[in-house]
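S.K.: So the chains spell out like this:
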Amino acid sequence: MADPIPTAEIISEDQTLWHTNRQPAGCPHCHRVYLVPTDYRGGTCPLCRLGTLEAQPAVVRRADPERVLPFKITRGDLGSIFQRFVAGVWIKPPEFNPEALLRNTRAVFWPLWLVDSDVTGGWQMEAGFDYQVESAKEVYSGGGWQSHKQIETRVRWEPRVGHIVTRVDNVVTPALEEHNNRMQMIGTYPLECGLDFDPALLGGAYLELPDLPPEAAWPLAQPDFDKAVAKICQQAAGAQHIREFISQAQFANQNWTEFFLPMYATHYTDDEGQPQVVIVNGISGAIQGPRLASRQRGNKIARITAAVAGGLFLLALIGLLLTAVFPPAALIGGLVGFLGIAAAILAIIIAIWPGQWNRAQTNPHIVKRP
Amino acid sequence: MDRDLNQHTHWAPPEGFHPVDSQVPGVIVYAPMPEQTDIDRAVSYACPNCGANTGYNVAAGGVACEYCGYVAPVNAERVGRSAQDFEFTLETLAQARQGWGTQRQVLHCDSCGADLSMPAGALTTACAFCASNQVNIISIPQETLRPRFLVPFKIPPEATVPRAKAWLGKGWYHPDALAGNTILRRFYGIYLPFWTFNTRVEAKWQAEVGYQKTERHYNAHQKRWETRTRTVWKWENGRVHLNIEDLLVSGSAPKHLSHRILNQLHPFHLGDLVTYTPDFLAGWQAQAYETTLTDAWEIGKRTIREKAKKACYERIQSNQVRNFSMSADFNDETWCYILLPVYLAAYRYEGQVYQVMINGQTGAVAGNKPVAWWKIWLAIAAILAPGALLVLIGLLLTLLGGVGIIAITFGIILFVIGVIISFSLYQHARKSEAQ
Numbered sequence: 000m001a002d003p004i005p006t007a008e009i010i011s012e013d014q015t016l017w018h019t020n021r022q023p024a025g026c027p028h029c030h031r032v033y034l035v036p037t038d039y040r041g042g043t044c045p046l047c048r049l050g051t052l053e054a055q056p057a058v059v060r061r062a063d064p065e066r067v068l069p070f071k072i073t074r075g076d077l078g079s080i081f082q083r084f085v086a087g088v089w090i091k092p093p094e095f096n097p098e099a100l101l102r103n104t105r106a107v108f109w110p111l112w113l114v115d116s117d118v119t120g121g122w123q124m125e126a127g128f129d130y131q132v133e134s135a136k137e138v139y140s141g142g143g144w145q146s147h148k149q150i151e152t153r154v155r156w157e158p159r160v161g162h163i164v165t166r167v168d169n170v171v172t173p174a175l176e177e178h179n180n181r182m183q184m185i186g187t188y189p190l191e192c193g194l195d196f197d198p199a200l201l202g203g204a205y206l207e208l209p210d211l212p213p214e215a216a217w218p219l220a221q222p223d224f225d226k227a228v229a230k231i232c233q234q235a236a237g238a239q240h241i242r243e244f245i246s247q248a249q250f251a252n253q254n255w256t257e258f259f260l261p262m263y264a265t266h267y268t269d270d271e272g273q274p275q276v277v278i279v280n281g282i283s284g285a286i287q288g289p290r291l292a293s294r295q296r297g298n299k300i301a302r303i304t305a306a307v308a309g310g311l312f313l314l315a316l317i318g319l320l321l322t323a324v325f326p327p328a329a330l331i332g333g334l335v336g337f338l339g340i341a342a343a344i345l346a347i348i349i350a351i352w353p354g355q356w357n358r359a360q361t362n363p364h365i366v367k368r369p
Numbered sequence: 000m001d002r003d004l005n006q007h008t009h010w011a012p013p014e015g016f017h018p019v020d021s022q023v024p025g026v027i028v029y030a031p032m033p034e035q036t037d038i039d040r041a042v043s044y045a046c047p048n049c050g051a052n053t054g055y056n057v058a059a060g061g062v063a064c065e066y067c068g069y070v071a072p073v074n075a076e077r078v079g080r081s082a083q084d085f086e087f088t089l090e091t092l093a094q095a096r097q098g099w100g101t102q103r104q105v106l107h108c109d110s111c112g113a114d115l116s117m118p119a120g121a122l123t124t125a126c127a128f129c130a131s132n133q134v135n136i137i138s139i140p141q142e143t144l145r146p147r148f149l150v151p152f153k154i155p156p157e158a159t160v161p162r163a164k165a166w167l168g169k170g171w172y173h174p175d176a177l178a179g180n181t182i183l184r185r186f187y188g189i190y191l192p193f194w195t196f197n198t199r200v201e202a203k204w205q206a207e208v209g210y211q212k213t214e215r216h217y218n219a220h221q222k223r224w225e226t227r228t229r230t231v232w233k234w235e236n237g238r239v240h241l242n243i244e245d246l247l248v249s250g251s252a253p254k255h256l257s258h259r260i261l262n263q264l265h266p267f268h269l270g271d272l273v274t275y276t277p278d279f280l281a282g283w284q285a286q287a288y289e290t291t292l293t294d295a296w297e298i299g300k301r302t303i304r305e306k307a308k309k310a311c312y313e314r315i316q317s318n319q320v321r322n323f324s325m326s327a328d329f330n331d332e333t334w335c336y337i338l339l340p341v342y343l344a345a346y347r348y349e350g351q352v353y354q355v356m357i358n359g360q361t362g363a364v365a366g367n368k369p370v371a372w373w374k375i376w377l378a379i380a381a382i383l384a385p386g387a388l389l390v391l392i393g394l395l396l397t398l399l400g401g402v403g404i405i406a407i408t409f410g411i412i413l414f415v416i417g418v419i420i421s422f423s424l425y426q427h428a429r430k431s432e433a434q
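If you read the sequences in order, they're chains Y and A. Start counting the first sequence at 0; every next residue gets the next number (numbering that gives the first Met the number 0). Start counting the second sequence at 0; every next residue gets the next number (numbering that gives the first Met the number 0).
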């Protein structure tokens, strides 16, 4: 039997791949590797925004990718998505606005593995078959009985064993270490809407390459294969439910191909000058990223407000001093003093709020990688 | 596909499994083989030693030959009340509604090769040509609706007539000739069909319950305090949980068998239930059900709901109840089809036919007995006479100016008591004679 898991190859930095004019480039900061048009080299990494893309070899399967899910969200749609995203942040960093986010947006396709394999082996399970029983309800009212029949669905469990010889196609498997994190952030994709791979569908988007080669991704794929086998066996037995499924299936003649999913990545710069990356699901428009407030701007506004409060206190003091010669001045002084207190409280709130808000931004960070 | 078949050949299913249809090419599916039992074949009973006819012998506890003494033990498991029961699946109910039909069935005798005709409802017969006992269960149209359990006969046939005679001799108002030797000659042992039902009932009730309340109030007209009692009605509700276990409903049609007499044979001890095997039926008669599962369940439900209603009423702390309503939810309803042993006999007395039954397990006897009505009338006359006589004496004493009123009063009381006793006696006698 041939080695069931195909291995990836090293593609040198000057080679093009998959009938495109793209070549490998990597980010020395986050170690992500992309397949990009040559002129993208030297640009900023679209996902960490900290490193510069440099020509480098890539470890990748030479076979063409299988599917691509084209973008459904256009750049025109992004304006309103960003508008809603920044709304609600009170004291924003200067760059945290829809225009800047749109300006910084890059389109990225990120990969999944589609795995096909021959499956051969014995299996056993408890198969559950639905059946219906009639139950009675008797009602006594007005001196007479009325009978009602109720139908309940129950499950009859029976053992089944068997043998399977089939091929299971297109089991979706993570191709990136951060697959689950990314899915958690921007949600799932309608994979059934994917199209056959065509370089024309890529447009100018960055093509992120898998960082989990097949041999590393197989332990993640196998449970899904087991589920697929269980589902086939359930279907074969004509059962509506299964439990205690055990398979001794062998997997052979595997074929691993990529499925690329669309995503937008953008960023804004925070107070410390660090880029904060925001990503958008290219199909659903789900958006995720840190929404930071500006502590610097907050402190500046708080200082101005505190100065106003100090001026008001001074006026209030003058008013109180004038009370001896002009008694109504006490009332004016008291009012101004009250305004001073309010301004002082406001200044404290403004100074504290950005820090508190930023602490609540516990979104998973996109940039950090080991 | 050839490649697939070759790859399947390297795999063998575990023992006791057989292939079933697969709905996906490339996948073969095996299921446990259905249980094969003796029920699945018609059985003829002939002695392996002498070739004579054999049958189940109560005293020997096995299939015995009365000529050479050969006894084969019966291989059956005692399951008692843990006998498997079945759910009311829609499939079973649809089958049950079809009933047995009325056609006769043909049974092949393994002993002499003859083809025998037997009524649709009969499970046993004796071959008319070689007299061997035949037990046939395979022609039952629905797999699930065949008897799975039975209570074997414990009372031997020879004990039936003495028990019946003792029973016939009881009671002073029956003809003296009943206790004679010639009335009852033979009982026929027959396994009768019964349905048993189990369910849990969750009943909810509500009603207006009346409570007597005594209170004092001031009567303005008569200017005084008075005490009066009035009924205060309150809405009350409650829940009752009822476990019904092994409710027995006869599967015989009432036109063939008096259910009133049959009910008097209860209880049957279902702890003695054993798995069905045709050996128990050899040489005995056995009847298949005539009342279908659905009809029997309707009878059972009526019984159960009345029990639930009674249980709800028992929760009410007062006798005054109005606007009572309730709902009874049946849960986990199950049924089982069993055979119970009964001896049947009929006798004629003065041109009239009377039925007697004996519980083949406990020996309880029930049936109809003729009544010597002259004894009843004589007894009624004797019961009423003292009261009537006392009234007459009282009248005479009154006419003579004596204190006859006391005798009249006692006479009337005695007469009324006599009427009540006489009526009860009359009813009892009618019931005894009734079919």
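Derived by calculation from the structure, the hints in this document are not laboratory data. Be careful, since some hints might not be right.
[Claimed, not checked] Below, simulated DSS-like cross-link-like pairs (lysine-lysine); rule was C-alpha separation at most 30 Å, straight line:
| no. | chain 1 | residue 1 | chain 2 | residue 2 |
| --- | --- | --- | --- | --- |
| 1 | Y | Lys148 | A | Lys169 |
| 2 | A | Lys368 | A | Lys169 |
| 3 | Y | Lys148 | A | Lys308 |
| 4 | A | Lys368 | Y | Lys136 |
| 5 | Y | Lys136 | A | Lys203 |
[Unchecked claim] Partial list, computed: chain Y residues near chain A (C-beta under 10 Å):
| no. | residue |
| --- | --- |
| 6 | Arg74 |
| 7 | Asp168 |
| 8 | Val171 |
Computed from a prediction, not measured in an experiment: that's the story for all the values here. Where a beta carbon is used, it is the ideal one built from N, C-alpha and C, also for glycine.
S.K.: Each of the hints needs a verdict: does it hold here or not?
M.R.: Hint by hint, here is what the structure shows:
As the CA atoms of Y:Lys148 and A:Lys169 are separated by approximately 48 Å, the hinted pair breaks the 30 Å bound. In summary, the hint linking A:Lys368 to A:Lys169 is supported, as the alpha carbons are separated by about 10 Å, within the 30 Å threshold. With a C-alpha separation of about 19 Å, the suggested pairing of Y:Lys148 with A:Lys308 holds against the 30 Å cut-off. Among the hinted pairs, A:Lys368 with Y:Lys136 is inconsistent with the structure: their alpha-carbon atoms are about 42 Å apart, more than 30 Å.
Proximity of Y:Lys136 to A:Lys203 is assessed by CA-CA distance (about 11 Å); at most 30 Å being required, the pair is judged to hold. Evaluation of the Y:Arg74 hint against chain A yields a violated restraint, the C-beta minimum of about 46 Å exceeding 10 Å. Taking 10 Å as the C-beta cut-off, the interface hint given for Y:Asp168 is violated, the closest approach to chain A being about 13 Å. A distance limit of 10 Å between C-beta atoms decides the matter here; for Y:Val171 the minimum to chain A is near 21 Å, and the interface restraint is violated.
Checked against the numbered hints above, the structure violates hints 1, 4, 6, 7, 8; every other hint is satisfied.
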